[in-house]
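Hints in hand, dock the two standalone chains.
Here's the letter readout for the chains.
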Amino acid sequence: AQSVAQPEDQVNVAEGNPLTVKCTYSVSGNPYLFWYVQYPNRGLQFLLKYITGDNLVKGSYGFEAEFNKSQTSFHLKKPSALVSDSALYFCAVRDPNTGGFKTIFGAGTRLFVKA
Amino acid sequence: KAGVTQTPRYLIKTRGQQVTLSCSPISGHRSVSWYQQTPGQGLQFLFEYFSETQRNKGNFPGRFSGRQFSNSRSEMNVSTLELGDSALYLCASSIGQGVYEQYFGPGTRLTVT
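If you read the protein sequences in the order shown, they are chains A and B. One gets the numbering used here by counting positions in the first sequence from 1 and adding 31 to each. One gets the numbering used here by counting positions in the second sequence from 1 and adding 173 to each.
No incorrect hints appear here.
Dumping the calculated DMTMM-like pairs for lysine to aspartate or glutamate here, alpha-carbon to alpha-carbon at most 20 Å:
1) 108/A with 40/A
2) 100/A with 85/A
3) 133/A with 274/B
4) 89/A with 274/B
5) 133/A with 225/B
6) 133/A with 248/B
7) 145/A with 46/A
8) 80/A with 274/B
9) 80/A with 116/A
10) 89/A with 116/A
11) 186/B with 255/B
12) 53/A with 85/A
13) 145/A with 40/A
14) 80/A with 95/A
15) 230/B with 248/B
Please keep in mind that the hints were generated in silico from the structure rather than gathered at the bench.
This is chain B alone, in the form it adopts within the complex (with noise of 0.2 Å):
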């Protein structure tokens, strides 16, 4: 079965400008998390989404959203970069909520200039 697949896997962006992030969850997985991790910070939680619903939300701004299609894949996107969102993001699916465990993808790793 193939794993979590994330692209593009490295992006560098200015200042202000916008970028989307794409996933696409194992097979069968219903559940997609997406993470942010930084030397700083170590892993925050962005969203989670569960039949294309954000079922759960972290503690960041508005510019930061994300959407589920119907095959269970699912975008991120994040509007007016600031150079604080350098980061590396992650994308993890899981076969339900709850009792499952995740499975992450390589990640994306944003450099904001």
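So that you can see chain A by itself, here it is in the shape it has in the complex (with noise of 0.2 Å):
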């Protein structure tokens, strides 16, 4: 069965440094990853996928991603936090080997940047 984690409840980083939210998953065969964020009273919005090829990924806001097939981990980066990243953060696998494209979200990770 498909899952995935993301190991820290909570992340603290100061503006300015750069950040990581940590993803690894389980799945079948080759998954297709998803981040999305969560602002306060606000949806959750698309930051970036992973499908194929490149194993780093471009998002949203200065967000990039890289898929590690031989540690099944797919982290959210970026090099300079702003007091604006803080919020929820999700982490999503599908696995398309298993007939149907069910998407299983992590806990979250809640990201606080420090001014």
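Quick look at the structure:
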């Protein structure tokens, strides 16, 4: 069965510093991987996705993520954090080999960026 | 383009009642998924509809059901409400299945008393 883990409930980083939000997954085949962000009192927004090809994918708001097949990871990164990046981040996975496209979300990681 | 809309935004129901939530996807989007979000369980997948057919279902009891209409609008129904059904119910639409990202609505906040 497919699953996704976000090992950190919370990540704290100072503004201007690089940030990393971790995600590991488990699927039977080659996964489709996604990152979403949820700002306070707003819906989830798509950030970026990995389907195939280049392991480094770039997304909205300066975020990027690196797909690592050997470590089954898809960590979200940003070179320089902003206070406005403070939000709840969700990693999600789809296993295209299951015959359907059920999306499984991680538990979420709350990012706090301090000025 | 208008985003995903969900109605109503807030609902208060009592145990044993039933409720119907509505979702209008982005124009041109044919896939609609429903999720339950709670502080303890996070985002839990309920079901996905594509071309009026349920393509996937999560691990929820049969009290949770849904449907999709020919215009891609979707409804979900919860019968015999329980206190534990209190949650934010999110609808997401995408152009199709598989590789496409989802666009989420603001959610319906359901409180069961």
